[in-house]
Amino acid sequence: MNFITNIDSIPHGRAILNLLQNTEHYITSLEIQEKLSISRRSFYYSLKKINTYLDHNHIEPIANLKGIGYYLTDNAKKNIKAANISISSDKNFSANEREILCIWNLINGQTISISNLMTLFNISNHTAITDLNKISIQLEHINLHLKQQNNGKTLVGSEVTKRKWVLEQLNNPVSPIHRVFHFNDDSLTKIDLSLKELEAWTQNFFTDNAHITLNKFITWLLNRLNNPEYLLTNIDKQFDITNSTVLHWANELLQQHHINNQFEPIFLSQILNTSQFSSINASSKKTLEIQDVAQKVIDKFNIVSGSNINSYSLVVALSTHLLSTLYRVTLGIKYTHPDLKTFLKKYHELFIFTKYAIHPFESYVGQKLSDDEISLIAIYFGGQLREISRKNRWNTDVMLVCSSGIGTSVLLKNQLTAKYPDVSFSEPLSIFQFENCPLDDVKLIISTISFDKDYGVPTLRVSPLLTEGDLKKIDNAILSSHHTATSNNPNADALIDIISEFARIEDFDKLREALNNYLNSSQKTSHPLSLNKPVNELQKILTTTNIVINDSPHAESWQYAIQHAFNNMLENHSISQSYVDKIIALTQQKGPYMYLGNGVFLAHAAPQDGVKEIGLSLYISKIPIALTTSNHPQKNVNIIIGLAPIDQSSHLKVLSELFQNIQNKDWLEHLKSATTVTQVLEQIKK
1 MNFITNIDSI
11 PHGRAILNLL
21 QNTEHYITSL
31 EIQEKLSISR
41 RSFYYSLKKI
51 NTYLDHNHIE
61 PIANLKGIGY
71 YLTDNAKKNI
81 KAANISISSD
91 KNFSANEREI
101 LCIWNLINGQ
111 TISISNLMTL
121 FNISNHTAIT
131 DLNKISIQLE
141 HINLHLKQQN
151 NGKTLVGSEV
161 TKRKWVLEQL
171 NNPVSPIHRV
181 FHFNDDSLTK
191 IDLSLKELEA
201 WTQNFFTDNA
211 HITLNKFITW
221 LLNRLNNPEY
231 LLTNIDKQFD
241 ITNSTVLHWA
251 NELLQQHHIN
261 NQFEPIFLSQ
271 ILNTSQFSSI
281 NASSKKTLEI
291 QDVAQKVIDK
301 FNIVSGSNIN
311 SYSLVVALST
321 HLLSTLYRVT
331 LGIKYTHPDL
341 KTFLKKYHEL
351 FIFTKYAIHP
361 FESYVGQKLS
371 DDEISLIAIY
381 FGGQLREISR
391 KNRWNTDVML
401 VCSSGIGTSV
411 LLKNQLTAKY
421 PDVSFSEPLS
431 IFQFENCPLD
441 DVKLIISTIS
451 FDKDYGVPTL
461 RVSPLLTEGD
471 LKKIDNAILS
481 SHHTATSNNP
491 NADALIDIIS
501 EFARIEDFDK
511 LREALNNYLN
521 SSQKTSHPLS
531 LNKPVNELQK
541 ILTTTNIVIN
551 DSPHAESWQY
561 AIQHAFNNML
571 ENHSISQSYV
581 DKIIALTQQK
591 GPYMYLGNGV
601 FLAHAAPQDG
611 VKEIGLSLYI
621 SKIPIALTTS
631 NHPQKNVNII
641 IGLAPIDQSS
651 HLKVLSELFQ
661 NIQNKDWLEH
671 LKSATTVTQV
681 LEQIKK
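In terms of UniProt numbering, the sequence shown has 130 at position 130, counting the first letter as 1, and numbering is strictly consecutive.
What the hints contain is simulated information worked out from the structure, not anything from laboratory work.
Among the hints, a few may not be true.
Unchecked claim - Label-pair restraints from in silico Cβ distances:
| hint | residue 1 | residue 2 | range |
| --- | --- | --- | --- |
| 1 | Ser187 | Gln660 | 49 to 59 angstroms |
| 2 | Asp55 | Asp441 | 32 to 42 angstroms |
| 3 | Asp339 | His178 | 12 to 22 angstroms |
Predicted, not measured: the structure shown is a model, and the values here were computed from it.
Every residue, glycine too, gets a C-beta built ideally from N, C-alpha and C.
All chains, full assembly: derive it from the sequences and hints.
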């Protein structure tokens with residue numbers, strides 16, 4: 001037999017090994033193909049050659065955990081490194097990763113050029129030119145610019161902007177700068193101890209993930225400030241708002257490192273406040289203000305969504321999140337959701353309601369929040385609604401360990417419980433909580449951090465904000481066990497992995513398509529109802545008999561109008577009279593808090609107040625109805641939406657569709673001017 005003596009003689013051999021060598025978790029064949037831009041056929045061909053090569057060198061081959069992905073054992077990684085088979089400088093970066101690394105190098109004072117990029121990333125002249133153009137455009141978006149020098153291009157622009165960019169990258173768990181920049185452990189430990197001292201002073205405690213990010217950022221910043229040219233000579237007015245305790249701490253830390261500058265402590269203290277907290281000082285003035293705003297946000301969410309969330313723990317959790325959001329927004333620290341498009345698709349109705357509910361906080365901050373920030377806040381409401389529906393079903397099959405912020409932890413659990421309603425997931429645990437939990441009945445651990453020891457339970461390492469690759473690994477891991485009702489069927493990729501070991505596959509794409517067609521036709525996978533999946537379409541719930549147009553020239557009382565709006569639901573026994581009475585009583589007690597604006601009133605109470613079946617009605621009055629209650633300003637109402645929810649979530653999709661429309665004033669005017677039920681239905685379909 002002719003053994004392969006050089007890894008470079010194997011097509012993509014070194015690249016595949018480097019990818020597996022620098023990864024702490026499993027990688028699917030599809031991820032490897034996409035990462036290295038190779039075909040499935042090429043991957044499997046190279047895989048066999050690589051394993052032959054490794055075996056010849058007495059190194060464990062690349063392993064494949066069926067349905068999960070490929071990996072190298074720790075022993076194999078150690079032997080590969082000792083044999084100098086892989087290279088330490090990973091050049092297998094995507095175009096976006098190359099752009100980030102170039103900006104990172106520029107911020108750290110390096111120059112870049114076409115030849116420099118070609119050498120650094122092993123790319124062609126054409127690719128280097130394309131990358132350089134993209135980098136220039138990216139920098140323009142944040143008001144930074146490239147300047148041509150004799151030996152290449154350098155970066156010019158605001159020092160604060162450069163630092164904020166670095167912080168955003170460090171906050172991003174999948175940023176490539178984590179792979180190329182290594183921090184001194186002693187320095188990180190010292191900063192971490194200092195941060196814990198600050199926590200003791202302020203009683204504001206950072207999340208585990210925030211600790212890690214701040215350790216790295218402060219270590220980088222202190223090293224940077226050794227160069228006087230990077231010291232701040234002024235600072236924007238928005239930064240000149242700070243907690244005196246935090247400012248004192250920042251000043252002391254900088255002086256310990258022989259940095260005496262009046263602006264640097266202000267900058268550092270504010271950066272600390274943008275970090276995610278796990279808990280905040282309940283007695284501070286700022287916390288009390290934020291809690292008041294958080295309660296208003298929750299109340300507004302309840303009104304617009306027809307929900308009845310009333311949890312002190314939600315107020316505390318949301319307040320904790322909003323405190324860091326306040327500083328991020330004020331200081332222009334950008335949060336970027338890793339997959340906003342997918343989030344909006346999966347949690348569309350939650351996002352719509354949250355975008356409306358967050359107005360009190362936006363007024364408090366004096367700025368509109370980005371969709372990325374709103375998506376994080378929506379997670380809190382989604383988690384609360386899901387907990388209400390699952391509170392009587394609790395056993396722990398899967399342990400979740402998440403060191404990130406509260407919002408990220410909630411999202412992690414929400415994504416998993418939405419997909420696997422029959423699997424019991426633990427609350428997201430910190431490292432300390434996890435190490436003090438019994439694992440007797442736990443069948444799988446999903447963690448955002450690496451463990452130093454084996455706990456005897458299958459473990460998956462994922463990003464704090466799940467990627468498509470993470471979801472696939474989790475999907476395969478859960479499907480491979482027998483404690484899920486989602487599906488126990490094999491998937492096409494797992495079958496192809498098995499087939500490829502015993503036969504040569506000529507056309508991977510056609511085989512995969514054929515297997516998928518067979519699997520889908522023989523056994524359909526059923527998915528549970530989740531927050532983003534409606535029980536009924538809007539047109540089905542809002543029947544013609546539930547639409548009332550009052551064209552009387554005389555205005556009715558608001559009590560009569562509410563009664564009239566629910567008449568059909570009363571007749572078909574969807575609700576009892578006690579439900580209508582409760583709505584009227586709530587309005588008399590609390591005033592027009594169900595008024596949404598633009599002449600629209602969402603009439604609803606809690607499911608337990610007399611709802612038997614889900615229902616939705618529309619009452620349109622040509623003459624404005626005066627909604628007057630004692631000690632509250634009058635509201636003029638033209639449209640009453642009568643909602644009868646059977647639980648906290650089944651109606652959300654339907655209501656969100658209607659709510660989106662009523663925020664459109666043109667659409668609303670057309671609805672108000674409708675003279676027939678048919679015209680109303682036509683307008684709703686638009």
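Verification of the hints:
no., hint, in the structure
1, Ser187 to Gln660: 49 to 59 angstroms, "holds (50 angstroms)"
2, Asp55 to Asp441: 32 to 42 angstroms, "holds (39 angstroms)"
3, Asp339 to His178: 12 to 22 angstroms, "holds (19 angstroms)"
When held up to the earlier numbered hints, the structure conflicts with none and fits them all.
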